[in-house]
Amino acid sequence: MKNNHKQKVRKTALPPGTLVYTGEQKMEQVEIHLIDYDSDSIHEKELKDIEIAFPFKDLPTVTWVNVNGLHDVTL
Numbered sequence: 001m002k003n004n005h006k007q008k009v010r011k012t013a014l015p016p017g018t019l020v021y022t023g024e025q026k027m028e029q030v031e032i033h034l035i036d037y038d039s040d041s042i043h044e045k046e047l048k049d050i051e052i053a054f055p056f057k058d059l060p061t062v063t064w065v066n067v068n069g070l071h072d073v074t075l
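Counting from 1, position 62 in the sequence shown corresponds to residue 62 in our numbering; the numbering is continuous, with no gaps.
Read the hints as simulated data drawn from the structure, not as lab findings.
Among these hints, one or two may not hold up.
Stated by the list, open to error - With a Cα cut of at most 20 Å, we get these calculated EDC-like pairs of lysine to aspartate or glutamate:
| hint | residue 1 | residue 2 |
| --- | --- | --- |
| 1 | Lys45 | Glu31 |
| 2 | Lys48 | Glu28 |
| 3 | Lys57 | Glu44 |
As the list claims (entries may be wrong) - Taking CB as the label site, the calculated pair distances span:
| hint | residue 1 | residue 2 | range |
| --- | --- | --- | --- |
| 4 | Thr63 | Gln29 | 18 to 26 Å |
| 5 | Ala13 | Ile35 | 36 to 44 Å |
| 6 | Leu19 | Pro55 | 23 to 31 Å |
| 7 | Thr18 | Asp40 | 37 to 45 Å |
| 8 | Leu59 | Glu24 | 33 to 41 Å |
| 9 | Val67 | Asp38 | 17 to 25 Å |
By construction, the Cβ of each residue, glycine as well, lies at the ideal position given by its N, Cα and C atoms.
Please construct the entire structure, taking both the sequences and the accompanying hints into account.
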C-alpha cells in the first residue's frame, strides 16, 4: 500500500505564528506590484519597498498589493 502522508517539517522552539518558509529554496527577487483604482482611473506601480504602499490605505480608492515571492519571510 502506498504511503500518501507528507513528511512534516519540524519548526520546534519557535513561538506560535512565526513565519517559516518550508518550500524549495528560491533565489528570485521578490516582486511587489501595487494597483490602485476607482471608477475613473487606474494606477499600477512596481514597488521596491512594501512601505511605499502604506499611504494608499488612507485613500478612498481600492488598492491591491500583489507580492510574488513569499519565500522571503523578512519582507
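Need the list of violated hint numbers for this structure, in ascending order.
none
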